[in-house]
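Asks: For reference, the chains in residue letters:
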Amino acid sequence: MEPQIIKFYQTGSFAVGNRLLDDSQRSVQADMRRSNSLNSGHRACQGCGEALGARYAIDAAMQATKNQLIAVNATGCLEVFSTPYPETSWQLPWIHSLFGNAAAVATGVAAAMRVKGREEVRVIAQGGDGGTTDIGFGCLSGMFERNDDVLYICYDNEGYMNTGVQRSSATPPAARTSTTATLGADPGNVFGQGKFVPAIAMAHEIPYVATASVAYLRDLEAKVHRAMSLRGARYLHIFVPCPLGWGAASEDTIRLARLVVETGLFPLFEAEHGEVTGRYHIRNRVPVEEYLKLQKRYAHLFGKRPAVDTIGRIQAMADRNIRRYGLLGEEA
Amino acid sequence: MLKQTEGSHAVAEAVALCRPEVICAYPISPQTHIVEALGEMVKGGDLARCEFINVESEFAAMSVAIGASAAGARTYTATASQGLLFMAEAVYNAAGLGLPIVMTDANRAIGAPINIWNDHSDALSMRDSGWIQLFAETNQEALDLHIIAFRLAEELSLPVMVCMDGFILTHAYERVDMPAQAQVDRYLPAYEPRQVLDPRDPVSIGAMVGPEAFSEVRYLAHAKQLQALDRIPVLAAEFAAIFGRESGGLVHPYRTEDAETIVVAMGSVMGTIKDVVDEMRAGGAAIGALGICSYRPAPLAAIRAAVEGAKRVVVVEKSLAVGLGGILATDVRMAMSGLHLHGYTVIAGLGGRPILKSSLHRLFERAGRDDLEHVTFLDLNWDVVNRVLDRERAVRRSGSIAENVLRDVGVTSTPGV
Amino acid sequence: MEKPFAITLDVGSSLANKTGSWRTHRPVYVDRLPPCNNQCPAGENVQAWLYLAEEGRYEEAWRKIMEENPFPAIMGRVCYHTCETACNRGALDEAVGINGVERFLGDQAIKYQWRVEAGAPTGKRVLVVGAGPAGLSCAYHLARRGHAVTVLEGSDKAGGMVRYSIPKYRMPREKLNAEIRRIVDMGVEIRLNSPVEDLCAAIAHHGCDATFVAVGAQRGRHLQLPSTARVPVLDAVQILRDLEREEAVPLRGRVIVYGGGNTAFDVARSAVRLGAIESLVVYRRTREKMPAHRSEIREALEEGVTLRCLSTITHVGDGVLTAERMELDAKGQPQSTGETETIVATTLVLALGQDADLGLLSGVPGVRVADGLVEVDRNLATGAVGIWAGGDIVPADRNATVAIGHGKKAARQIDAFLRGEVLRRPVKHELASADKMNTWYYSDAPRAIRPILEAVRRTSGFAEVVGDYDEGTALYEARRCMSCGNCFECDNCYGVCPDNAVIKLGPGKRFEFNYDYCKGCGVCISECPCGAIARIPEAI
Amino acid sequence: MFQVRIHGRGGQGVVTGAEMLSIAAFLGGRHAQAVPSFGSERTGAPVVAFCRIDDKEIRLREPVMAPDALLIQDPTLLHQVDVFQGLRPDGYILINTNRSFEELGLGEFVAGFRAERLATVPATELALKHVGRPVPNVPLLGGFAAISGLISLDAVIAAIGEKFAGKVADGNIAAATAAYEMVRGATREVTHA
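Those protein sequence lines, which keep their order, are chains W, F, X and C.
If you read the first sequence in numbering that gives the first Met the number 0, its first letter stands for residue 0, the second for the next number, and so on.
If you read the second sequence in numbering that gives the first Met the number 0, its first letter stands for residue 0, the second for the next number, and so on.
If you read the third sequence in numbering that gives the first Met the number 0, its first letter stands for residue 0, the second for the next number, and so on.
If you read the fourth sequence in numbering that gives the first Met the number 0, its first letter stands for residue 0, the second for the next number, and so on.
Note that these hints are calculated values from the structure, not bench results.
Treat the hints loosely; a few may be bogus.
Cross-link-like lysine-lysine pairs, in silico, PhoX-like; alpha carbons within 20 Å at most [unchecked claim]:
1. F:K42 with W:K115
2. C:K166 with C:K128
3. X:K17 with X:K2
4. F:K2 with C:K162
5. F:K223 with X:K2
6. C:K55 with F:K2
7. C:K55 with F:K356
For the chain F half of the interface with chain W, some residues (derived, Cβ under 8 Å), not all of them [said to hold, decoys possible]:
8. R48
9. E50
10. A59
11. S62
12. V63
13. I65
14. A70
15. G71
16. A72
17. A89
18. V202
19. S203
20. A206
21. G209
22. V384
For every residue, glycine included, the Cβ atom is placed at its ideal position computed from N, Cα and C.
My request is simple: use the sequences and hints to build the entire structure.
Replies: Have a look at this one:
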């Protein structure tokens, strides 16, 4: 992640804007002229992390490309809430084809632009975790392997929210979904399954892979900018809380997106050609309970008899991430 | 220019003459030679300004095609059989979005049991997808239909599938008359998309449409196909004017004028049927044939006009609606509704079973005597079938029918029960 | 473009869908009361002037202070800055160095000779008795409002206790003089050497329409100690006054200061500077109970002052004092133990507090005095119409900042009185307490350390002990302010709204909610760093 | 219509042989249709290909059931597959072998056929010599031109030019020419016998 070079300011680089900074150093979201690529009137739930993540990412990409951008959208919440006939919230050329083919459709758009000599027009494909890590995975891997000039953005809310909160391969262990009931000996989603697609993306040795969270806007925007400065296949995996699916308060969306990072459960890093080149160092490490407790999908871990073992296993996952990605910085 | 070449190669050359901008390729027999040849032309520079993309599946092939077409590129791909089914979701989607993609389907059976040989099960499974589906009788027609297909697709903003029999045409070396680039350019103007993804005029393509408008959207798709019924003959006539030969159109009647028996079929088998018709005509039989070129849209009026003077209609089709009978035959019956004709359905050539002239002779003779069942399976090995059926009546057990048939045919070494 | 029906849509058409109807609660922008402002006895709008200072707009920041307090340079030195104790940032890392920034701004004003103009003349005349911080503050605020002010001062210099009880090492005189000069330059007349003995007479003499009395408490309390010898027993107030007049003071040898207030420490620290062998503060309770400010005690100890707590002096002998050890009872009150010890002493200084001399009020009808203090209402009005009192002579904490606050308050009341208006008390905003903040957004930024004069150099003279912030440091400190409860245009609400329902109005204009689209999710409220958005239920 | 059936094994260029035959016929002004007996055979498995030659458009799409000529690229198939099925009594047989029909044990079988329409040619040997690889298809076409007169050696050489280039084309032309000469010599002997 590109460090923002500022002296010291009241809000540093954490808030969206900063009136003390030069315009060019402020976030895209602080800009009155931001494109609002995903406009008001969309039908996302209150506090939707995906709606937020999509506007953050696409606005940044719009800025990076001087609005020469086309978006391809997989089926999912984002698609459904943004384009119910007769209204669309998108302000840029946008196409939705199917659930599992956003990466491939984007390849096609990029090919068309190349053949027409309009290489200044850039292409983004986007989808939820279901459309990315599960059903769209084949097309995604194919796009990576061919190194097509596409930035694929996965908005990860850890489940099939559009269809009523079912488990996906991005659903974390112990989480309750409508297909991982909190019943039996191991309630919620099982441990030892699922996949972390950023790491798989890295295995394709594509030019750029990064993770981001809607709670770290400047970092997210810097990653989009970095991605758009490169050609070839790029992947950005953005953590976007789902208040509905997770049983969280709508106002806690960003708080959750922050805590998941500060616990170590979701590492923020970036990688080029398969090698990690940067990571966010946890600023204020917190135990996983602080994150889990805010969500009803983990309610079965707490209560009168807390599931200490299970919480311990989740903490171990966070600790492993911290070790693996060096999330505590030099003092660690 | 006349040349002796493979059907696949002829199609590839014709596609190249159409100046495609994006081609997606995924290997599946018997379509591979087409995209191989195109890949060579792109890589070698003979086909300039074209992106050739090796995708990871047919689903991706059609998806890439969707993206490219929506972004305003003239787009082509080819597939067959399982490949067509694997891309089925995207096939429907391309039609729903009204994207003028042209695709070759090198017709092939669908498994299980896996079978690489020719029949029409694949294409016909997509009959309701919203694509225009044109069937070629010869390699000449196959290459001509691709040129017509791009024109038709782009005029209507609908995808067109050109169907040609796998192996029988794709792998056949025949004489074809390859058009000149100037001719093709005269016939096929540059692609001007009806809707396009372009930052200069942004739109959202692919909205979610609810009950309040979905029926209307579907009706409009239907209306567009009906429009195609008018355009296809016109485009065939224009084609004839520029290229000097008949290709395309809705149907191809052959000696139907005074025919009492009219054989209806699609694809390359029409050649064999025509030979048989000639031979039977020489023997005094009043028989003719009707080739269907435009399967979708279904040319109901043209079929009706061609058959209404006859006494009987024999539909010979390389497809089977399991549990019903004919697929093409059902369409033909619809065209005949109200006409008092005998209608016979013949299921033939499944999975590459040769359709022999001798068998057709016997078949049509029986038909002429109205001595046919309503649904006939041509050259079926009844011994094998009956043995399996008898056994299954006796023993209730599950298992692979294919395995049992092979055992009875004597191909496997496993002793029979 | 001839678009396919229903499948292809025109961009931005969702604006037709007014999602605001989903809302059950609405966010509302508010200004909450920052704890610093809430705490400031002078009523300074600390957050507001820090906001200006952090943009480098020093003169505007200074003028913001000057709206409440005419003495930033003095405050930046003698104010005990309880605002910093209240500062929400203290819980995050360390409180903002408000006092240092204030001094910086005050000094900037002196350096660049920024001035404040008097208001358009009203034709009214006000008499102020006492040119200490309360009186001068009152005079200043009245002058700003266009009233003619005459200040009567008994001493030969203006400044009151700031001058006469705070040593130079804490309050350099050129700064003090400059800030008083600025008030004089506004047209305020200060008559020195003009003690008032009869207020009614003075009012009649000067023909004024209202009066503010702030003569201060300048008489050191005396304690009659059993004495058997010649150890001189001196009054702390008198010593400090003598120091100011640069008269010789007998602070040599072993100096014992009896008392635990700031005055005691001012004397003890002065004794160190004057070459005393020992400077010992004796106090009858514990160090924690000392009324002196922590910084004062800390700096004194650094300079070599020693403490003897839980001791009372019971007898003055020949070169020695007798002290009795005390114990705290259950209520925290010191109780005798009967155990005594002796302390070698050259001089004993009594610093047991001060009383006011209120003789001038004795003939004023309606003015009541009780326990040595003037009775006033919450608006500092005495029982006599047209007469207000403030500063050390009314019941309140006795320090310069409180006095300055009194001066301002009285001036406002007097102004309303002169205009025939009733001053309406402004609605006090809800406090911007820490729980309303989201401090995640503030960068880690430990407090800047103000340069402190080395102890060796301090003890050898009266140079100012606590140094100034340079501009960079002042800016840094200003920018540590979290702007509690007041929008500082960080754009968070504008950024974090999933529905783009926040309208950014441009620099300095803050934001508006677009209730057509706000779904009421509350993310803006959660993520507002400074707690400037409230959540209220929709009427359903 | 003249129908040719070519038997061989995967890797021996059976299909290519049929295609080149059709090209040669086309170059001779005829209509021709070459088709493989479609399959996914791998190297070594028995393979069949067909070629029809006519003076008018060929519409027939069935496999060649009654060939006018058989080209057998691998004599080991004689014992595995009924290669002679449907062969017309006046048909041509050309076998890739060093041996005679008698030596192959076919003496009795071919007795009823016209002797001048029977020939063997060591096509693999010729291919190895001229091309360097055991691909007997092209020399057999040379032999077929000689035995049948249906296509000319020039047309075969032209067809080779369409399929191959450079040294491979040259080698195949040499092999086809050699086979042509050998078969012509042999059939002349028969004719004159």
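Asks: Look at each hint and say if it fits the structure.
Replies: A quick look at each hint next to the structure:
1. F:K42 with W:K115: Holds - the C-alpha atoms of W:K115 and F:K42 are around 18 Å apart, at most 20 Å.
2. C:K166 with C:K128: Holds - the C-alpha atoms of C:K128 and C:K166 are around 13 Å apart, at most 20 Å.
3. X:K17 with X:K2: Outside the cut-off at roughly 25 Å; violated.
4. F:K2 with C:K162: holds, 13 Å
5. F:K223 with X:K2: With a Cα-Cα distance of about 14 Å, the restraint between F:K223 and X:K2 holds, given a limit of 20 Å.
6. C:K55 with F:K2: With Cα atoms ~15 Å apart, C:K55 and F:K2 stay inside 20 Å; holds.
7. C:K55 with F:K356: Distance of about 18 Å is within 20 Å: holds.
8. R48: Holds, about 6 Å.
9. E50: holds, 4 Å
10. A59: holds, 4 Å
11. S62: holds, 3 Å
12. V63: holds, 4 Å
13. I65: holds, 5 Å
14. A70: With a closest approach of 4 Å, the F:A70 hint holds.
15. G71: holds, 6 Å
16. A72: Holds - the Cβ of F:A72 comes within 8 Å of chain W, reaching about 4 Å at its closest.
17. A89: holds, 6 Å
18. V202: holds, 6 Å
19. S203: holds, 4 Å
20. A206: holds, 4 Å
21. G209: holds, 7 Å
22. V384: violated, 39 Å
In this structure, the hints that do not hold are numbers 3, 22, in rising order.
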